[in-house]
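Starting from the structure of chain A, add chain B where the hints point.
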Amino acid sequence: MKNVTESITHWELLKIEKPARYLGGEVNQAEIKASPDLRVCLVFPDLYELGMSNLAIKIFYETLNSHPQIMAERAFSPWPDFEDLLRKKDLPLYSLETGTPLHDFDAILITFPYEMTFTNILNLLDLGKIALKWRDRSSGPLVIGGGPSASNPLPMAMFMDAILIGDGEEAIVEICETLIKAKKAGTDRSTTRSELSQIQGLWVPEFAAPVKRRVFKGFASSTPPIRPILANVQAIHERAPLEIFRGCMQGCRFCISGYFYRPKRERPVESLIEYAKQLLQNTGEEALGLLSLSTSDYSQLNELITAIDKQKLYPEQKVSIPSMRMNESTLQLLDSTPHIQKGGLTFAPEAGTQKLRNVINKNITEDDIISVMQATNGSDYRTVKLYFMMGLPFETDEDIEGIVALVHRLEAIGRTCRPRKQISLSLSGFVPKPFTPFQWSAQADMAELRRKRLIVTRGLERSNCKISWREEFLCLLESVFSRGDEKVGELILKAWQLGCRFDGWGEYFSREKWEQAFAETKIDSAQYLRERQIAETLPWDFIDFQTPRAYLEKEYQLAAEAAQEANNESAS
Amino acid sequence: MNQPAECKTRINYSKTLQSRYVAHLDTIDVICKTLRRLQLSYAVTQGCHVRPKISFGPPLPIGHASYCEYFVITLNQEPDLEWLKGALNREFPKGMEVISIEHPWSDKKSGSAGEWVQYKLYFRSEETAGQARSYLLDPNSAFEVLRKGQKKSYVLGKAVQKAELTEQNGNWLLTVEFIQGLADMPSVSKIVTALAEHLGSSRDDFYLLERTALKEL
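Protein sequences, first through last, are from chains A and B. So in the numbering used here, the last spot in the first sequence is 572, and the numbers never skip. So in the numbering used here, the last spot in the second sequence is 1217, and the numbers never skip.
For reference, chain A alone in the conformation it holds in the complex:
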């Protein structure tokens, strides 16, 4: 089999930005198996630097390559300059390990990390010379997707032979073993898909049957990836990642991750200390990243950090904790541990008033933020980052004005601190997600989101805080994808045909092309943004997400009651 990279000349590579992205050969790359029973390509639909930081790719790469019958390779979305080169030379997209064209694999396993990569997924298939729709594929690899943005699989249903809902660690091995059996038996594609549909969590569009979200119950006793590949181009997160627990029991009513990764499963502290050592020995990364949805909720965080700090393997070693809910006790912990990478202080109050924070069940108070800010007086922390959403259910203008008031108050405190604090504010439109209590809520339209954003920016005109926001049209698109049905697949296909890709990248996102795609497919976004009735059947109701619908209804009702209560109080 010819290695595609041999068809690209030295001078062509030199015209490409960061050619090392496309050549493989990194440290800890898997040994090439001479004749494996199954060859799969793990595909990440974004740039190499992002994909190489993705934990799912690391988990699956190590899991599958430790299986004696399977060889797993990798491919990432090429940047447009390299895409142009491949198309100009009529070369297929290939894997980094052996330069094998995607269409020569037995299966393509694609991670759906976020909705804005959907057009990249189509682009990857097309570049790999694989037919886009599963019905049009009579030969070549089976294409299987999964990941947090696949919790509602319908928008991508026409492109995928199967989509995994939930955790992938066990399911991916079962999928590959089923494919090995089918390959050996010479089973046809439809029968293979039917066999795949028997795997718990795997939804096969051809046999659209109810499916139950897969939960990896053995997570706590499982071994994390301890020999991850090291990127040859600086990755977006330069750290050795160690997932300390999965799941989050904070119960924020808007958060899909909180529901997607349930229940909370912790790895024991003794195992984590040993994994940390092995990870650092095998990677030589300067920082060890303790990952989870909310690291402060790890029950033995103090013991873990202290033990890792004591077993120092090299002088530069640091611990990085990216998702820390800040309060005075976590701050004390960070300050008492010398080798912790200290970024800025980050808070995600999400809403401007306590009333709305109660509605969305966000467990952070204004006093928490203020006391942490006061406690950092005289310390190294210089920046305070605040994340807010607009257009939340039961939100009023008073809540938006609350954002302005909170920032003013924090700035006043920041001015009294030494060094002075620089506040930066990130605003984003709320997007209702399926399988959350707010799955029935309306998505605020663009004009409304813009009006609310202007209340904040005008209110902070004289402030020194830096403000950034997510474009309202992106929120609308994400909402259509999140709560979309199978028709949304036509929209994605049309947008890709019109040239959309890298929609999450400001320099490539084209609102005009997406608007044209809506117009040409006659899809009315309002249909997807509207409020849903509780009694209504939702397109994704065929999925048992392992959180009862009655529970979500109850939570939605509690949110409504919290809002009502607050309104009554303010009226009286």
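Hints are computed from structural coordinates only; laboratory data are not their basis. Some clues are possibly wrong.
[Unchecked claim] Partner residues are not named here, just some residues of chain B that face chain A (Cβ under 8 Å, in silico):
(1) Ser1019
(2) Asp1026
(3) Val1050
(4) Gly1063
(5) Tyr1067
(6) Glu1091
[Said to hold, decoys possible] The calculated DSS-like cross-link candidates involving lysine-lysine, where the alpha carbons are at most 30 Å apart (straight line), are:
(7) Lys15/A / Lys1120/B
(8) Lys312/A / Lys1008/B
(9) Lys494/A / Lys89/A
(10) Lys342/A / Lys1033/B
(11) Lys1085/B / Lys15/A
(12) Lys1085/B / Lys89/A
(13) Lys310/A / Lys1120/B
(14) Lys277/A / Lys1033/B
(15) Lys1215/B / Lys277/A
(16) Lys318/A / Lys1008/B
(17) Lys15/A / Lys1053/B
(18) Lys312/A / Lys1053/B
(19) Lys1008/B / Lys15/A
(20) Lys88/A / Lys1151/B
(21) Lys1215/B / Lys2/A
(22) Lys88/A / Lys1148/B
(23) Lys1094/B / Lys88/A
(24) Lys466/A / Lys1148/B
(25) Lys277/A / Lys1094/B
(26) Lys318/A / Lys1033/B
(27) Lys1120/B / Lys18/A
(28) Lys264/A / Lys1094/B
(29) Lys1148/B / Lys312/A
(30) Lys1152/B / Lys277/A
(31) Lys1190/B / Lys15/A
(32) Lys89/A / Lys1094/B
(33) Lys18/A / Lys1148/B
(34) Lys277/A / Lys1085/B
[To be verified] Where chain B lies over chain A, by a calculated footprint (3+ residues, C-beta under 8 Å):
(35) 12-24
(36) 276-285
Remember, predicted model here, so these are calculated numbers, not experimental data. Glycine included, every Cβ here is placed at the ideal spot set by N, Cα and C.
Same frame as chain A, but now just chain B:
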């Protein structure tokens, strides 16, 4: 408390295959991670942001293979040179390989008078190789470089000292000696890019370039 005796060690290595497309800063990162994986006892800088005491040779342009790359690291103990060479080769990515280790090493460079570098340029046809030789040996060969929207003109002048053409297994090898790093003198990277442009459609006959020797003047 006694400080450990610090000793400088120079590691000479090659950078070929895929590794030649890894940029200089990324290569530094790769080397630092390799040293940490080996858990060598090395000296570190003082201050808030601890860094190993390590210095690197001049940056190698992306795409150039090299057999004369090096870094100098300050170790806290006498190294076992055989072990160190084997361990580094085991841990380096594909295309990077230790050629030799010099220990103890004392810096001799002045760093002020540029560098003398020798390159081997490989061609598939004698005609293209000859054309390249003529271009390089003509001190009046001129080219323009666009940088941040500004055009800058260069002439080769004395940048090319020597260019010898020989046949090697049916291919043609041009061994060229350059001086770079002096004011107004174009770097080898710029010259080679200009040469490729000059060759036009024959450019793909010029298929490999290797840095084979480097001396700081």
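Does the alpha-carbon distance linking Lys88/A and Lys1148/B stay inside the 30 Å limit?
Answer holds: Lys88/A to Lys1148/B is near 27 Å, not above 30 Å.
Given Tyr1067/B as an interface hint, is the shortest Cβ-Cβ distance to chain A below 8 Å?
17 Å, violated
Would the pair Lys318/A and Lys1008/B pass a check requiring their Cα atoms to be no farther apart than 30 Å?
OK: Lys318/A and Lys1008/B at ~26 Å, within 30 Å.
Quick check on the hint: Gly1063/B CB to chain A CB, less than 8 Å?
With Cβ-Cβ at 5 Å, under 8 Å, it holds.
For the pair supplied as a hint, Lys88/A and Lys1151/B, confirm whether the alpha-carbon distance does not exceed 30 Å.
29 Å, holds
If you draw a straight line from the CA of Lys310/A to the CA of Lys1120/B, is it 30 Å or shorter?
This hinted pair is violated, its Cα atoms lying about 50 Å apart.
Is the hinted pair Lys466/A and Lys1148/B satisfied, with a Cα-Cα distance of at most 30 Å?
28 Å, holds
Can the hint on Glu1091/B be confirmed by a CB-to-CB distance to chain A that is less than 8 Å?
Since chain A brings a Cβ to about 7 Å from Glu1091/B, closer than 8 Å, the hint holds.
Below or equal to 30 Å on CA atoms is what counts here, so check Lys1085/B against Lys15/A.
Violated, because 35 Å separates the two Cα atoms, which is more than 30 Å.
Is Lys494/A within 30 Å of Lys89/A, Cα to Cα?
25 Å, holds
Check the hint pairing Lys1152/B with Lys277/A against an upper bound of 30 Å on the C-alpha distance.
52 Å, violated
Against chain A, run the beta carbon of Ser1019/B and see if the smallest gap drops under 8 Å.
Cβ of Ser1019/B sits 7 Å from chain A, so the hint holds.
Hint violations for this structure: numbers 5, 11, 12, 13, 15, 17, 19, 21, 28, 29 and 30, all remaining hints satisfied.
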